[in-house]
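> Sequence:
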Amino acid sequence: MEQQILKIFGQRLKRLRIQKGWSQEELGLRAGLHRTYVGSIERSERNISLLNIERIARALSIPVQLLVVERKLWGMESNCRKGEICLGMHVGVICKDQDEKLSLIISYMLDALKRKEKCVCVVTEEVKERIIKEFKRRGISVEKCAQWGQFILLSYEETYLKDGQFHSEKMVKILKNLHQSSLREGFNGLRITGEATASLMDFVGHKNFIAYEARINYFFPDTKALGLCLYDEAEFSKDFLLDVIFTHPKLLFHGRFLDNPYYKEPAIFLDSSGPKGPSHTYDSLKEKLLKK
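Residue numbers (our numbering): 160 to 451.
To be clear, the hints were calculated from the coordinates, so they are not data collected in a lab.
Honestly, I wouldn't trust all of these hints.
No more than 20 Å apart at the CA atoms, straight line, and that leaves these computed lysine to any residue pairs for SDA-like [what the hints assert, rightly or not]: (1) Lys173 with Ser208; (2) Lys397 with Ser443; (3) Lys255 with Met360; (4) Lys173 with Ile244.
As the structure is a prediction and not an experimental result, all values here were calculated from the model.
Take the sequences, apply the hints, and build the full model.
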């Protein structure tokens, strides 16, 4: 058991160091520790003291808890089969086009119906109409499902732009309230999907929205909530889509569900004082991810 704890700690430290783009020597210099000492920690060969844990956390500009508290990084994995999207996950979806986006939303809602989970969709009026039309074609009334509380179709004005402004703290509060109310109503969980558009980003600001995407990674793990964040590849710059990759632990990329090795912990992604780590381009990461 002790060796397993050391192994988990070492792996986590190595991942956070690499996300910073630092060598073992650089981390050692910043933390006041020798390079070989850092290496022995990462190889789970050394039982590190609390004082040195605090030094390392300060050097990385992260809370100590991020190093020492064991959490299921991708949510409720114990109830999740490999390759399955499950409660507790925050998934970034990069779609080829609008038709793929609509198809994913429909599948997402149908799966929620099957699993007795509440599904909240934040979409444009145009997409809302297409959803209602598609469900009608399948003989399912979205209006009746809404009356039962199964489906809620919300606008940007009711969520992202409530009171005419975007505040990430308000959005997190909305997510928490929806999660709590869905469980009180007897649903097995909550599914949330948000359709991001270029016009929404222009209003909110790309940096503000991507910072929100990073912060909600503190919300989803250990909840019975699942978040799907939808982006049409053609609508956004490659630099912005690169940040979408960095802020989502899981990806649904052109229809392929992937563990994301390029995900960055929120504390590291949001740290503007240090280096951003190894440089990447969207095209190079796209190629690597779709080869997996």
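> For this structure, which hints from the list above don't hold up?
Checked against the structure, the only hint that fails is number 4, while the rest are satisfied.
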